[in-house]
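Participant: Work out the full structure, taking the sequences as your base and the hints as a guide.
Chains as they are written, first to last, in the numbering used here: chain A, 1 to 772; chain B, 1 to 204; chain C, 1 to 222.
No wet-lab data here; the hints were simulated from the structure.
Keep in mind the model is a prediction, meaning the values are calculated, not measured.
Among these hints, one or two may not hold up.
Calculated lysine to aspartate or glutamate pairs in the EDC-like style (CA-CA distance at most 20 Å, straight line) [said to hold, decoys possible]: (1) A/711 to C/212; (2) B/168 to A/706; (3) B/168 to C/126.
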Amino acid sequence: MIRCPKCGALNQDSSRFCNSCGAPLQRTQIRCPVCKTLNPAGNVFCDKCHTRLIPADAMLPRQTESQPSPEPGESVRQISLPVRSDLGKTGPLTGFPDWLEGLTDETPLPPTESEPAANDFQAEPVELPDWLLGILPQETASSGEEASQLPDWLGGLAAPESEVTPSAPAEEGPLPNWLSGLAAPESEVTPSAPAEEGPLPDWLSGLAAPESEVTPSAPAEEGPLPDWLSGLAAPEPEAAPSAPAEEGPLPDWLGGLAAPESEVTPSAPAEEGPLPDWLSGIVTPSGAASAGTAAFIPEAPLPTGPAQAPPAEEAGGGAFAETPGAVPDWLLSLAPQDLPSEPTQGAFLIPEEETEEAEVPDLTPLPEPRKPTTDELARANVPEWLRSLRPEGSFGEATGVGDKGTVFVGAADLEATLGELEGELARAEIPEWLQELRPTGAPRPEGMTLEQFISQATETEGGPLSGMKGLLQPEAMVDIPPDYTPVVRYELPAAVLERARLWQTLLEQPRSAQRKMARRRVRPGMGEQLARWLVALVLLVVGIWPLLGYPVPVNVPLRNPSGLQGFVNTLEGLQPGARVLVAVEYGPAEAPEMAFMTEPLLTHLAARGAAVDWVSTLPEGVGLINNLRKDPAWDAGWQTPGYLPGATTGIASYVSLHQEYDVLIVLAARSDHLRWWIEQNTVGPRWPVLVGVSNAVGSLMIPYLEIENLKGVLIGVQDGTRYLAQRSGGSLAQYPMQRRQLNALVGLQWVTMVLLVGGMLWTLMTRKKGTG
Amino acid sequence: MKLLKRWGVTFFGILTAVLILLGILMPVTPLKEIRLILLQWAMVIAIFAFFLAFLHLIRVNLARLKQFKKYGVPGLLTVFSALLTLILVFIQGPQGTYSQLLLNAVLIPGEAALMGLTAVTLLLAGIRIARVRPAHEVILFTGVAALMLVGMIPILPVLGTLASWVQKVPAMAGLRGLVLGVALGTLLAGLRFLFGFDRPQSEE
Amino acid sequence: MPVSLDLVAGILGTVFTVLLLSYLFGDTVLYRWTLAILVGVGAGYALALALRYLVYTWILPMLDAQTGLELRLYYAIPIILGALLLFKGFPRLSPAGNLSMAILLGSGVAVAFSGALLGTIIPQVDATGSGLSLRAGVGQVFNGVLVLLGTIIALLGFSPRPEPQVGQARLWQVWLQRFSRYLLIIGLAVAFAGALTSSLMMLVSSLAFLLEKLFSILAIGL
Numbered sequence: 001m002i003r004c005p006k007c008g009a010l011n012q013d014s015s016r017f018c019n020s021c022g023a024p025l026q027r028t029q030i031r032c033p034v035c036k037t038l039n040p041a042g043n044v045f046c047d048k049c050h051t052r053l054i055p056a057d058a059m060l061p062r063q064t065e066s067q068p069s070p071e072p073g074e075s076v077r078q079i080s081l082p083v084r085s086d087l088g089k090t091g092p093l094t095g096f097p098d099w100l101e102g103l104t105d106e107t108p109l110p111p112t113e114s115e116p117a118a119n120d121f122q123a124e125p126v127e128l129p130d131w132l133l134g135i136l137p138q139e140t141a142s143s144g145e146e147a148s149q150l151p152d153w154l155g156g157l158a159a160p161e162s163e164v165t166p167s168a169p170a171e172e173g174p175l176p177n178w179l180s181g182l183a184a185p186e187s188e189v190t191p192s193a194p195a196e197e198g199p200l201p202d203w204l205s206g207l208a209a210p211e212s213e214v215t216p217s218a219p220a221e222e223g224p225l226p227d228w229l230s231g232l233a234a235p236e237p238e239a240a241p242s243a244p245a246e247e248g249p250l251p252d253w254l255g256g257l258a259a260p261e262s263e264v265t266p267s268a269p270a271e272e273g274p275l276p277d278w279l280s281g282i283v284t285p286s287g288a289a290s291a292g293t294a295a296f297i298p299e300a301p302l303p304t305g306p307a308q309a310p311p312a313e314e315a316g317g318g319a320f321a322e323t324p325g326a327v328p329d330w331l332l333s334l335a336p337q338d339l340p341s342e343p344t345q346g347a348f349l350i351p352e353e354e355t356e357e358a359e360v361p362d363l364t365p366l367p368e369p370r371k372p373t374t375d376e377l378a379r380a381n382v383p384e385w386l387r388s389l390r391p392e393g394s395f396g397e398a399t400g401v402g403d404k405g406t407v408f409v410g411a412a413d414l415e416a417t418l419g420e421l422e423g424e425l426a427r428a429e430i431p432e433w434l435q436e437l438r439p440t441g442a443p444r445p446e447g448m449t450l451e452q453f454i455s456q457a458t459e460t461e462g463g464p465l466s467g468m469k470g471l472l473q474p475e476a477m478v479d480i481p482p483d484y485t486p487v488v489r490y491e492l493p494a495a496v497l498e499r500a501r502l503w504q505t506l507l508e509q510p511r512s513a514q515r516k517m518a519r520r521r522v523r524p525g526m527g528e529q530l531a532r533w534l535v536a537l538v539l540l541v542v543g544i545w546p547l548l549g550y551p552v553p554v555n556v557p558l559r560n561p562s563g564l565q566g567f568v569n570t571l572e573g574l575q576p577g578a579r580v581l582v583a584v585e586y587g588p589a590e591a592p593e594m595a596f597m598t599e600p601l602l603t604h605l606a607a608r609g610a611a612v613d614w615v616s617t618l619p620e621g622v623g624l625i626n627n628l629r630k631d632p633a634w635d636a637g638w639q640t641p642g643y644l645p646g647a648t649t650g651i652a653s654y655v656s657l658h659q660e661y662d663v664l665i666v667l668a669a670r671s672d673h674l675r676w677w678i679e680q681n682t683v684g685p686r687w688p689v690l691v692g693v694s695n696a697v698g699s700l701m702i703p704y705l706e707i708e709n710l711k712g713v714l715i716g717v718q719d720g721t722r723y724l725a726q727r728s729g730g731s732l733a734q735y736p737m738q739r740r741q742l743n744a745l746v747g748l749q750w751v752t753m754v755l756l757v758g759g760m761l762w763t764l765m766t767r768k769k770g771t772g
Numbered sequence: 001m002k003l004l005k006r007w008g009v010t011f012f013g014i015l016t017a018v019l020i021l022l023g024i025l026m027p028v029t030p031l032k033e034i035r036l037i038l039l040q041w042a043m044v045i046a047i048f049a050f051f052l053a054f055l056h057l058i059r060v061n062l063a064r065l066k067q068f069k070k071y072g073v074p075g076l077l078t079v080f081s082a083l084l085t086l087i088l089v090f091i092q093g094p095q096g097t098y099s100q101l102l103l104n105a106v107l108i109p110g111e112a113a114l115m116g117l118t119a120v121t122l123l124l125a126g127i128r129i130a131r132v133r134p135a136h137e138v139i140l141f142t143g144v145a146a147l148m149l150v151g152m153i154p155i156l157p158v159l160g161t162l163a164s165w166v167q168k169v170p171a172m173a174g175l176r177g178l179v180l181g182v183a184l185g186t187l188l189a190g191l192r193f194l195f196g197f198d199r200p201q202s203e204e
Numbered sequence: 001m002p003v004s005l006d007l008v009a010g011i012l013g014t015v016f017t018v019l020l021l022s023y024l025f026g027d028t029v030l031y032r033w034t035l036a037i038l039v040g041v042g043a044g045y046a047l048a049l050a051l052r053y054l055v056y057t058w059i060l061p062m063l064d065a066q067t068g069l070e071l072r073l074y075y076a077i078p079i080i081l082g083a084l085l086l087f088k089g090f091p092r093l094s095p096a097g098n099l100s101m102a103i104l105l106g107s108g109v110a111v112a113f114s115g116a117l118l119g120t121i122i123p124q125v126d127a128t129g130s131g132l133s134l135r136a137g138v139g140q141v142f143n144g145v146l147v148l149l150g151t152i153i154a155l156l157g158f159s160p161r162p163e164p165q166v167g168q169a170r171l172w173q174v175w176l177q178r179f180s181r182y183l184l185i186i187g188l189a190v191a192f193a194g195a196l197t198s199s200l201m202m203l204v205s206s207l208a209f210l211l212e213k214l215f216s217i218l219a220i221g222l
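Facilitator: Right, here's the structure in full:
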């Protein structure tokens, strides 16, 4: 677990950011994206499936101007290829690895302004092999000392360098064709031109002088590309022969790479010193490589590349055709027995039997490389893990020595193959820097061959190199001392401690402990208050106006309600002395509204001579009943009103005990009470029911107002006034106050409607998007 | 003993319910009488429940007297008026002078005024719905409410016809669904009590 | 009622009405006091009539010497059970009232159960089917079909069921929920209009009461 340095929260090892506060975390482990295995932070490849954990571009060390270049002593065992970013541009050669960066002349070139960082490759200092050590800037007087440290084949580079002046290139021998064009292709280039452009490496310095001797037409004809590149596109024999002859002396390691025999003076190599080892084999393909020359020739035969072009019989036909110099063994071994007569484009030509005369190999530009064929790919030394991925029927397993000098090697039969090839292949030698990496186990016993020693080693398990023996063990990028013991100190932040204390306090409190809760009285805002005042004012004015008797715009017509006729007809059908049960289910609040229908009902019942029993499940209803029974004429034969406690239980009890009523009249302003009466009447006696309800209950209890035994309904003030008018001869002249109240109610309804719709529209327009 | 303690009371409750239901479904002689007796006993117990609620009201308002500055006077007024009314009305009955005075002078105008206040509150609440509900629902709600307001006591006959149709068809369908849903919920609650899943009497 | 009492009642009623209606313009101390008096009077009035019923209908007959033992027992049992119920007001003695509560709840559940089943569900289903009758005419049948469909849709939307996950709801489920919601909205909008009308009527009656009393006090004809 990783503790966040900012907030102290614990996070998973593979977390990159804190789950609590989002701060970046220093990763101690990396999770493989393929197999999800946790790997140490320094791993480049996954330990389990060998998937690359760190992208290649992230691995490229970036070096800015502010960062000092790493010390030469630091060793990085990475091998990466340089990227050429500014091909063809004049100016300083930037973006090259260190071992190439040293190939600058004494005078440093002016730095260019724009340096694309993405293309820059500035590798960390690499421990250079011997053969490259000499290629360093000869800036100081110690160049001589450095020159003394150079190998033989590079030794010649130092001496002539000290003598090199801006005009030095003019004194050097002729350059091969493919190097002749490295200087600026412009015809106006003078021998002094290289000096103006900055110091060139020795092996390039000789290329500057001959520029003036080069026929201006040749480069000009071929465009902006240097000659050595232009030669890659179309090797022209006519340009090549003259150039090397006219060019200055070559460095030692290039001495052997001079023009073909017809062009190179026999003395050139002698003047320039002995050839480097790796090139010595080019001159003596029979394998007489001097000791130490084949610095990096492997012991195992190299895979064959594209079809090998024969040494160019024609001048400049190939790079190493008819090499005048010695050809290293490893190159010779790659040479096929029967080579095609025609050189193929882009082939890396293996020199054939050289002649003594050809001391300088033909360094004509290589033709354009061609794509390898299927067979050629099949002959490549494919490791076992890759071979296993080969689809069936593609290349097939081929082992043994090919008849053209190619070798088919499988991991399984390496030993046998090695034995067969013992006499045929040149011994490859592991370079010293690679030998240093050899595991320090038991040294190889004397008398034991390398192959035998390797065969004794354990096979590597897992990964792309599984099954191979004698491999170097991967080392962690980060060197952790064996006795390292991480010491973790936990320091809880104050906020966490406080929270823990609070939890403890809360948990320790008894369950029944009363906690004081802060209560804040919410006061309405000013806008709400104003709206309330405005609405209240409007309603009061509109309500009071008709009540004062002032004229109203429209006299409300008394529409004939649909339920009134049934109500009236049922009452009209009562015989004198009929038993009527009236349930008063409204309170003092609804009394004024219900008065519109109760008063005419009572007069009607009295007129029919019905015997009325009054009941109420509300205690206040009993008092209201007494209020209604003010007229003694109504009171004849009426029983004392009864109070039914227990709500629905009381109703159920009453209707069960009393079954003798002819009509049940429910006057309700409470929806539940109406429902109870209708339900218990339906369950029990099933009396004919007349209902008088307020507007609120009438709107809510619509489903109950269409049951089978419901004979009549009066809803609200409008039906009550109509009933009242009908009982009083068809008009409300006798009841002016009721008329005014009706007008006031209608006016208030219209105003309310306008306020409701207007307020809704205003709120919809002004509310924030996304609410609701 | 523990079983009796836990399930004894519930057994009586379920027994009461079952006997009453049997009396409704099979109104034969013993069951019908048992049902009536149980219903009347329940009415009496309900009065005591009402009395308990009254005592709780008194106790709460007396407890508020501790914060006399904030709740003292209203609490005192509530207790005093409740006890005075109880005594007066209990003695005189509903037809008594003071009973009628209290009813006509205090209860009817007071409660009617409170109901009148709800008009403003309802209107403002209807406008405030537009803040929180989706627009199409708000428009539908307000449109129907507005139509019913002007259609209940219509000045124009067409409004009355339209309001009547809305009341009889779509409103009827919606409210009938609501009523059926409430009834089904009541059935479910009753079944839960009958099977002992809910025991509200023992606060479990 | 004596005139003086009538006047007193009028004045008292007017004052109460004015003080309560003053809430329209703000929450005042007088409003809260008036409300407290109203609550007290209402609670006392209701309990007084309920206790009066209890005493006159159950207690006095039980104490009557002429009452037989069985009848006395019949009167006494619910009174004892009710008295036990009063112990519910004391937390420590609360279990004593469990039996009374159980009987009260049992009777309420049974009545509600039977009422819901026999008094609501069956009649409502019957009424829905009656709407499809051809007796009232083709137009009524059309309305009846609409009511039937609407009832089913409203009930389906009202009843609880698992909500489909986002992105997985089918089109018909979405539209079914929408229609049921719309039907419920229409029904509740009608109920809202009715409640608003009732409250407006209360306001009108209160204003009418005020004006009537004011003018009668001021001896001005209305």
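Participant: If a hint holds in the structure, say so; if it doesn't, say that too.
Facilitator: Status of the hints after comparison with the structure:
1. A/711 to C/212: The given pair, whose Cα atoms are some 37 Å apart, is violated under the 20 Å limit.
2. B/168 to A/706: holds (10 Å)
3. B/168 to C/126: It holds: about 16 Å lies between the C-alpha atoms, which stays within 20 Å.
Violated hints amount to a single one, hint 1; each of the other numbered hints is respected by the structure.
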